[in-house]
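J.: Here are the chains, one letter per residue:
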Amino acid sequence: GAVVSQHPSWVICKSGTSVKIECRSLDFQATTMFWYRQFPKQSLMLMATSNEGSKATYEQGVEKDKFLINHASLTLSTLTVTSAHPEDSSFYICSARRDFGYEQYFGPGTRLTVT
Amino acid sequence: AQTVTQSQPEMSVQEAETVTLSCTYDTSESDYYLFWYKQPPSRQMILVIRQEAYKQQNATENRFSVNFQKAAKSFSLKISDSQLGDAAMYFCAYSGGSRLTFGEGTQLTVNP
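Going down the list, the sequences are from chains A and B. Under the working numbering, think of the first position of the first sequence as 1213, with each following residue one higher. Under the working numbering, think of the first position of the second sequence as 52, with each following residue one higher.
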């Protein structure tokens, strides 16, 4: 159990457009979901924490108007990159945590390429 | 703020040999969790082993074991009988119960 999926796995978009990435917990309810960004050969950087039904908490330096996070249900969180630019190209990873739990379960990641 | 440091950007080991990856952390909390994650070329994060700080006994999962030194704030990972499939980026991570803080990672190469 504790499977997390992400869709799409790879997306290419043009500069100035928006792209939405979905993160789903398939076999458990996720009270909290996390979004990370990872550049090649670097560590994971936490972008934001989202709790179901409430606004996301963004890390310092992350533009909340550019990276819109919606955690509308206990199994789905979405990250929308608005007005994407080439510098937004990266690998985005989500994770989910059960209620009363401390372990995070990771999705397979989404590679975003902005041309 | 909690910090996690992995001082070995790269490590290599011969197949069937043993390798130890180092990790130190800084925290003022007394109750927390420590993890080692493996990230293969697919980039899927895979949990290798976890340690609850309140447990004195070092965690073990098959060929993987940790040396948890709470006073020294050290959490090293030992991989025994290394296999080619162990080649990956390894991240040490700390959690106080909410967010995860990751180290910079150690790229492990396994030589046949």
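These aren't lab readings, by the way, just hints derived from the structure by calculation. Computed from a predicted structure; not experimentally measured. There may be inaccurate statements among the hints.
[As the list claims (entries may be wrong)] If the Cβ cut is set under 8 Å, some of the chain B residues that face chain A in the computed set are:
(1) ASP82
(2) ARG94
(3) ILE100
(4) PHE142
(5) PHE153
(6) GLY154
All C-beta atoms, glycine included, are put in the ideal place defined by N, C-alpha and C.
J.: Of the numbered hints stated previously, which ones are contradicted by the structure, given in increasing order?
T.: Result: hints 1 and 3 break, sorted rising.
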